[in-house]
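Trainee: Here are the chains, one letter per residue:
There are 2 protein chains.
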Amino acid sequence: MPNPTAAMLVIGDEILSGRTRDANSNHLAIQLTEAGIDLREVRFVSDDHAAIVAAVQALSKAYDTVFTSGGIGPTHDDITADAIADAFGASIDVRDDARAILQAHYDRSGTEMNEARLRMARIPDGATLIDNPVSAAPGFTLGNVHVMAGVPTIFNAMVETILPTLTGGAPVVSRSVRVDRGEGDVAAELSALAKANPELSFGSYPFSRDGKYGTNLVVRGQDADAVEAAAAQLVAAFGGTAL
Amino acid sequence: MPNPTAAMLVIGDEILSGRTRDANSNHLAIQLTEAGIDLREVRFVSDDHAAIVAAVQALSKAYDTVFTSGGIGPTHDDITADAIADAFGASIDVRDDARAILQAHYDRSGTEMNEARLRMARIPDGATLIDNPVSAAPGFTLGNVHVMAGVPTIFNAMVETILPTLTGGAPVVSRSVRVDRGEGDVAAELSALAKANPELSFGSYPFSRDGKYGTNLVVRGQDADAVEAAAAQLVAAFGGTAL
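Protein chains in written order, with full-length UniProt numbering: chain A, 1 to 243; chain B, 1 to 243.
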């Protein structure tokens, strides 16, 4: 049975201007691979209402689950919650459950609740809250879309909350073999091996280190024994080192 | 006049599995921002023919220029060139100009040309070659799509070749102001400043370091004087440090 599919939407001008380098997509990719969920697509879009709505609609239709990152803070450029609501035709306003979570957090720290902070309690109707153990302001799940913070510590904590609630597939395991030969020297046999093992995927990643060329060959699949056997065949064929 | 728009397509299973963290999109984002080209969207897709074709068609239609990264090597999983050709309805085969470049490179290094390496001379009809000063195998430009290698050193060299040929806009300059206050404390005034300066964009990025919360405020725009003036207003309002 094929694994469930997922996509991620990274929201924020700071990513597209190059000012901030996205770390969340790589973290999520690793977590989903371990959970047996197949991350098929990632998109970065700017803080633009129409762009977020269009991307959410396309991704939520095409994949089983969608994760978003960014744009749920208190400032004017945090427009994700409203865009998600629009994407699903849901209404959105300050919700009592989210407001209570924020109020309790601010009461503990002696921080004043103001209009800006109250924006973080804007949650679409029908959404389920996602706990934020770092700074209280919740994420939420609406339909098959999980809406999470952009700050990596908070994003990671929210992923930890969400993942156990999802139905995963067979985790994909991988083995790497590093060979001291260029890709062009291993391509023919690698291709034959890939054809002979259609249930596995074979990747080939050239590198150059200290002026020497080499290739990392990676076998991936759900059957650990088959992956192991294929890695052994790669070592036998190319004399490399299995890592 | 609005700046030209661009999108990037990152191709490769190794990115979506989390094995490799994409570095090329951040590099390109920084370069395009300096050149006054507005990077609007980035997509990561896997080594899947249909996914690449669909993404290239969507992005090349929606934006002025598209850059792709990955999948142009000699192995069976390098399918980008054929997918780009299909996306434009162009035919593709080994081309003499690309083959001559590879042959000269292999002759110099005493490497044998074989069937796998010859795959890197598969270039769509009508495409212009992009020089690869690192390992010879060329990228290419077809329509408004620039097809480049995934290996960062080669990708960066190809970007350096392509960028001067593009018509840029006014470079976007930015100033950051670091303030020792949470986002919720600066949001109202920041929003007012954003409304008063519609030609500038104001971003707000919370951070926590050594247990202290703070916010980086970023002003971006094409008019350097206006950006400078707005940064001074931020410092006046929130007592932060302009960086």
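If you're looking for bench data, these hints aren't it; they were derived computationally from the structure. Hints may be right or wrong, so weigh each one.
[Unchecked claim] One side only, chain B facing chain A, incomplete, derived with CB under 7 angstroms:
{"#": "1", "residue": "T33"}
{"#": "2", "residue": "A35"}
{"#": "3", "residue": "R117"}
{"#": "4", "residue": "G184"}
{"#": "5", "residue": "A188"}
[As the list claims (entries may be wrong)] Per the computed footprint, the stretches of chain A lying under chain B, defined by three or more beta-carbons under 8 angstroms from a beta-carbon of chain B, are:
{"#": "6", "stretch": "18-26"}
{"#": "7", "stretch": "29-35"}
{"#": "8", "stretch": "39-47"}
{"#": "9", "stretch": "59-65"}
{"#": "10", "stretch": "107-118"}
{"#": "11", "stretch": "180-193"}
{"#": "12", "stretch": "201-213"}
[As the list claims (entries may be wrong)] A few chain B positions that, by computed beta-carbon distances, are all more than 10 angstroms from chain A:
{"#": "13", "residue": "R43"}
{"#": "14", "residue": "A51"}
{"#": "15", "residue": "K61"}
{"#": "16", "residue": "R99"}
{"#": "17", "residue": "D107"}
{"#": "18", "residue": "R119"}
{"#": "19", "residue": "G126"}
{"#": "20", "residue": "I130"}
{"#": "21", "residue": "N156"}
{"#": "22", "residue": "L190"}
{"#": "23", "residue": "S191"}
{"#": "24", "residue": "E199"}
{"#": "25", "residue": "P206"}
{"#": "26", "residue": "Q233"}
All residues carry an ideal CB built from backbone N, CA and C; glycine is no exception.
Trainee: Now, for every hint given, state plainly whether the structure supports it.
Mentor: A quick look at each hint next to the structure:
1. T33: With a minimum Cβ separation of about 5 angstroms from chain A (threshold 7 angstroms), the hint on B/T33 holds.
2. A35: 11 angstroms, violated
3. R117: Nearest chain A Cβ about 4 angstroms off; hint holds.
4. G184: 4 angstroms, holds
5. A188: Check passed: Cβ of B/A188 comes within 6 angstroms of chain A, closer than 7 angstroms.
6. 18-26: holds (count 7)
7. 29-35: holds (count 5)
8. 39-47: Holds, because 9 residues of the stretch 39-47 of chain A bring their Cβ atoms closer than 8 angstroms to Cβ atoms of chain B.
9. 59-65: The restraint on the stretch 59-65 of chain A is violated, since only 0 of its residues have a Cβ under 8 angstroms from chain B and three are required.
10. 107-118: holds (count 5)
11. 180-193: holds (count 9)
12. 201-213: holds (count 8)
13. R43: 5 angstroms, violated
14. A51: Given that some Cβ of chain A is not farther than 10 angstroms from that of B/A51, nearest at about 7 angstroms, it is violated.
15. K61: Answer for B/K61: holds, closest chain A Cβ roughly 13 angstroms.
16. R99: Label holds. Min Cβ-Cβ 14 angstroms, cutoff 10 angstroms.
17. D107: 14 angstroms, holds
18. R119: Since the minimum Cβ distance to chain A is about 8 angstroms, B/R119 lies within 10 angstroms and the statement is violated.
19. G126: 26 angstroms, holds
20. I130: Holds, because the least Cβ-Cβ distance between B/I130 and chain A comes to about 18 angstroms, which exceeds 10 angstroms.
21. N156: 13 angstroms, holds
22. L190: 6 angstroms, violated
23. S191: 4 angstroms, violated
24. E199: Correct as stated: the minimum Cβ-Cβ distance to chain A is 15 angstroms, above 10 angstroms.
25. P206: Non-interface label fails for B/P206: nearest chain A Cβ at 6 angstroms, not farther than 10 angstroms.
26. Q233: The claim stands: B/Q233 keeps its Cβ more than 10 angstroms from every Cβ of chain A (closest is about 15 angstroms).
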